[in-house]
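On the provided structure of chain A, position chain B with the ligand as indicated by the hints.
Chains A and B, in that order, give the protein sequences. If you read the first sequence in our numbering, its first letter stands for residue 21, the second for the next number, and so on. If you read the second sequence in our numbering, its first letter stands for residue 204, the second for the next number, and so on.
Since the hints were made in silico from the structure, they are not lab data. Where a beta carbon is used, it is the ideal one built from N, C-alpha and C, also for glycine. Watch out, some of these pointers could steer you wrong.
From the derived model, a few chain A residues whose C-beta atoms are all more than 10 Å from chain B [claimed, not checked]: (1) Asp43; (2) Val152; (3) Ala178.
One side of the interface only, derived from the structure: several residues of chain A facing chain B at Cβ under 7 Å [to be verified]: (4) Arg36; (5) Pro157; (6) Gln160; (7) Ser200.
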Amino acid sequence: MQLTTGFANPPVDAARAFRVVLDAMAHPARIVDLPPIEAPAPCSPAAAIVLLTLVDATTPLHLAGAHDNDAIRDWVRFHLGAPLVAPQDAAFALGDWDALGPLASYPQASADYPDRSATLIVECAALSSDGVPLTGPGVQTEASLALPDIAALQANAAQFPRGLDFLFTSGAQLAALPRSTQIGGA
Amino acid sequence: MTDYNFAYLDEATKRMLRRAILKAVAIPGYQVPFSSREMPMPYGWGTGGVQVTAACLVPEDTLKVIDQGADDTTNAVSIRKFFARVAGVATTEATAQASVIQTRHRIPETPLTEGQILVFQVPIPEPLRFLEPRETETRTMHALEDYGLMQVRLYEDIAKHGEIARAYAYPVRVEGRYIMDPSPIPKFDNPKLDNSPALQLFGAGRECRIYALPPYTHVKSLDFEDYPFTASKAAGQVCAICGAEDSYLDEVITDDAGGRMFVCSDTDYCATRVAAQAEDAA
Ligand SMILES: [Zn+2]
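So that you can see chain A by itself, here it is in the shape it has in the complex (with noise of 0.2 Å):
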């Protein structure tokens, strides 16, 4: 069995992994680059990263399609320990676009509770900003990313504030999209 290896430094490359992760969070589109490091594939650098800095054994994991593969199983054993569940009980996910399938069937959490909703990891061949124009906070007045499916993330921000939040992530890069961001211009 051949384990990558995970953080050289775990407190001090998580800190400023976060802060990477955090600044992407709250300027959605944004994309931002990570430090490379050693990642199972077809695990990308960048989500490689966010699992080892979000993701332990009280995160539940989702692993979607080329994902789900034995390399990246024991590398999760090892480094994160978190339980490999199917979406409905996932609070990460990790996959393709297509592989991670609809939306609906991770958790959407409740009125009461909006925090309690899946983060969902997508990896992608390239981001792009040349994409839809996309408002709503952390957006000083309009910015714009490639977005795989327009009408199913339409159909998620619509359920703010309920809803995913998603992480893009090819190579070193990742941006985000949390819910609360308006896609379309609408």
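Only chain B with the ligand this time, still in chain A's reference frame:
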């Protein structure tokens, strides 16, 4: 290395806090519950703010800590020293130099900028608590956006006092959705919450709540069409030290005979203005 983990808290605790902070940012104005930890200081010293700061700091940060606007109170000095020791961060009193600012009861006068994080210490995070003591009830009111009782109570204030009689912790509406307690800042500071380029995080230690205002978030102080919100302070007063007309002033007793004067509550703002005046005069 020291005896402490980086930023004092263990990694599992910081992950929990970081997840709560991200959800708070995704749902502006909503109070995310978290499991508060014991900190090496009493609750009145802002343990909620301290935990949020600990979850956010990186070694490259420059930290400023203020207590009612002042950098030099016992509380501010001890929190600043704590993080210098456990996180190895640089510290400053200059608002413009700080990347993270932890505050009790003020927003600095110097406008905040993109990339800065302002962490508020919050004693009572629930703005509806004075109307309804039961947590299950206030939670339902937020869920249903049922804020009629709040409107009625504020209107009663106007009927009785001719204005909304709240000088501190004046409630706000975030992006037209959640009613939020901005912590006991003077209402003079409320306009600074709106559309700020900085990220604003709120931590309540005893009540175990974290909430957030992302940058460029619409924050409106509650008011009525016929009684619009005013942020005004005592009219006509200027700072006795720097002459500022635009800053929030504290009244201080100057001698045993009851002499008094008004000075800037924001000590960095006041000192910066005095230094600039000295330079102009030279
Ligand atoms: Zn002054």
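### Task
List in ascending order the numbers of the hints, as given earlier, that are violated by the structure.
Structure breaks hint 1 only.
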